[in-house]
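Given only the sequences and the hints, what does the whole structure look like? Please build it.
Given next are the chains, with one letter for each unit.
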Amino acid sequence: MSVRLLKYAFIEDHAEQPWFGTAGPLRDSYDVVIIGAGGHGLACAYYLAHDHGITNVAVLDRSYLGGGNTGRNTTIIRSNYLTPEGVAFYDASLALFRDLSLELDTNIFYSERGHYTLAHNESTLRTARWRAEVNKHFGIDSEVVDADAVGRAIPGIDLACGGNHAVEGALYHAPGAVARHDAVAWGYARQAVLRGVEIHQHTAVTAITTRGGRVSGVETNRGPVSAGCVLSAVAGETPRVLDMVGLTSPIEIFPLQACVTEPVKPWLDTIVVSGSLHLYVSQSARGEMVMGAALDPLEVHQRRSTFEFVSGLADQILDLFPAMATLKVNRQWAGMADMTPDFAPVMGTTPVDGFYLDAGWGTWGFKATPISGKTMAATIAAGRDHALVAPFNLRRFDDFRLVGEKGAAAIGH
Amino acid sequence: MKYAEFPHLGRRPYTEFAQAGVLEPEPDELAPEAVAPWVYARRSVPRERVEWWYHLPTRLWFRVRRDTASDTVLGVEAARGDER
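Protein chains in written order, with our numbering: chain A, 579 to 991; chain B, 808 to 891.
Derived from the structure by calculation, the hints contain no laboratory data. It should be emphasised that the depicted structure is a prediction, and the values quoted were computed from it without experimental measurement. Do not rely on the hints blindly, as some may be mistaken.
List time: in silico EDC-like cross-link candidates among lysine to aspartate or glutamate, alpha-carbon distance up to 20 Å [to be verified]:
# : chain 1 : residue 1 : chain 2 : residue 2
1 : B       : K809      : A       : D874
2 : A       : K843      : A       : E690
3 : A       : K906      : A       : D931
4 : B       : K809      : A       : E886
A few chain A positions that, by computed beta-carbon distances, are all more than 12 Å from chain B [said to hold, decoys possible]:
# : residue
5 : G631
6 : F687
7 : H778
8 : P828
9 : G890
Between beta-carbon pairs, the in silico distance windows are [claimed, not checked]:
#  : chain 1 : residue 1 : chain 2 : residue 2 : range
10 : A       : G717      : B       : L816      : 54 to 62 Å
11 : A       : A731      : B       : E840      : 49 to 57 Å
12 : B       : K809      : A       : N742      : 22 to 30 Å
13 : B       : E840      : A       : A744      : 48 to 56 Å
14 : B       : Y861      : A       : G982      : 25 to 33 Å
15 : B       : L816      : A       : G602      : 57 to 65 Å
16 : B       : A848      : A       : E797      : 22 to 30 Å
17 : B       : R872      : A       : K906      : 38 to 46 Å
18 : B       : E823      : A       : D609      : 50 to 58 Å
19 : A       : A744      : B       : L881      : 55 to 63 Å
Ideal Cβ positions, reconstructed from N, Cα and C, are used throughout, including at glycine.
Below is the structure:
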């Protein structure tokens, strides 16, 4: 037993010390204003301070820290993507994730589990082979395995899948991992604040001001703030922020839902995804089964969860894991996803000088948190796109140079 | 389950329909530099908009006016067949 834990038993006040104090009054001016205190915005603030010495930074959030998609995703981290751009980007993210607990002095519960993308038919198996070959070419640990190997690795799986769509094999990605999403946001927030960054929660940006085609600041519900650089890192609300600067994008907002069951003893140590059944499942460190499905079919701007989602998911997951029939669903929720036509993000500089975008993260944003923060910080510090970000610039939709990242979301297209 | 009133069909659940996106008439003339914005630009903010909905069991098309903030259907018209 650790001494710290022992001390806990003998003290009256069990309250944990706050990780960072509340920010003081909002100042008139900052070098950089980041809209959105989620993982991406906070990571960018941290790397601006840590890598580039830019500490006169304010992170503003309409609500509370990490309350958007950072706290709503299902925390899967992997890099077995399909395009060279995607593979390079997400593999750099995975490398940062591995050392993140040490770097942030915060246990993010990073846990490598192995990631199986099940194939229930010949064409899915063919795509899996394609992805495996692209991955291997770029040095990513990724391979196609047969149904027997799936049966040996995943306890309790019904390979016949209820008799309707038998598992024929899978794409196996050994470095696939899960982490504690809240801890990632808190860790970045704490380290950013230690270096002088201010985080203002419950501070809504209502307008972005420009002068001569250049960003000059933002209007908030707590008064105006001037800033030469503004970054939008607001998953699910990007089109509303783009409206403020008169830009358009192909981003469309669709809700994505997930749920967890009551906690049970550890039995599933891998991450299981099935595109054909539109589901993914892993077991959290707390023992809950974390499950999600495909996007909702209609554009909706609210975080309401539905009975159709949970009943549809249960119907599919019981084909794969019949023993889960006795589990009860504890919580379900929704997040709003920025969907792009090529399933790749929209990042970097924009036609408005000083206005930067970190958007279009659809259903694949959590795993990119460290690398998007690092590369956006580099982009803002230099005033031009970092090499890893350049393929994802908003400009690609003017030039018809889409990325075509079909491996972006495990399911949903 | 969410429902709305439809001409010919009465009260039907959303789940019986495939939604084919927002109603945007194709312009007769499109300058070269306007092609990419017409293909890709979207304005996905909370608002009222008119969408194409396709009823899967009967193969009927409808024009549905919907509020994307509250997800309520505000009005439904049967497609006439001569829209673009």
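Okay, the hints, checked on the actual structure:
A distance of roughly 13 Å separates the Cα atoms of B/K809 and A/D874; the hinted pair therefore holds under the 20 Å criterion. This hinted pair checks out: A/K843 and A/E690 have alpha carbons roughly 18 Å apart, not beyond 20 Å. Under the criterion of a C-alpha separation no larger than 20 Å, the hint pairing A/K906 with A/D931 is inconsistent with the structure, at around 51 Å. Between B/K809 and A/E886 the alpha-carbon distance is near 10 Å, which keeps this suggested pair within the 20 Å criterion.
With a cut of 12 Å on Cβ distances, A/G631 stays outside the contact zone with chain B, its closest approach being about 37 Å. No beta-carbon of chain B is positioned within 12 Å of the beta-carbon of A/F687; the least distance is around 34 Å. Chain B leaves A/H778 outside its interface by the beta-carbon criterion, the shortest separation being 24 Å against a cut-off of 12 Å. The Cβ of A/P828 sits about 4 Å from the closest Cβ of chain B, inside the 12 Å cut-off, so the non-interface label is violated.
Distance check for A/G890 against chain B: the nearest CB is about 9 Å away, which does not clear 12 Å, and the non-interface claim fails. Between A/G717 and B/L816 the C-beta distance comes to about 56 Å, which sits within the given range of 54 to 62 Å. Separation of A/A731 from B/E840 is about 53 Å and conforms to the stated range, judged on CB atoms against 49 to 57 Å. Distance hint for B/K809 and A/N742: a CB-CB separation of about 28 Å, consistent with the stated range 22 to 30 Å.
A C-beta distance of roughly 51 Å is found between B/E840 and A/A744, which places it inside the suggested range of 48 to 56 Å. At about 27 Å, the beta-carbon gap between B/Y861 and A/G982 stays in the expected band of 25 to 33 Å. Distance hint check for B/L816 and A/G602: the Cβ-Cβ separation is about 59 Å, which falls inside the suggested range of 57 to 65 Å. Checked against the hint of 22 to 30 Å, the C-beta distance between B/A848 and A/E797 comes to roughly 25 Å, which is consistent with it.
For the hinted restraint 38 to 46 Å between B/R872 and A/K906, the CB-CB distance of approximately 39 Å keeps it satisfied. In this structure, B/E823 and A/D609 meet the distance hint of 50 to 58 Å, their C-beta atoms being roughly 54 Å apart. Distance hint for A/A744 and B/L881: a CB-CB separation of about 45 Å, inconsistent with the stated range 55 to 63 Å.
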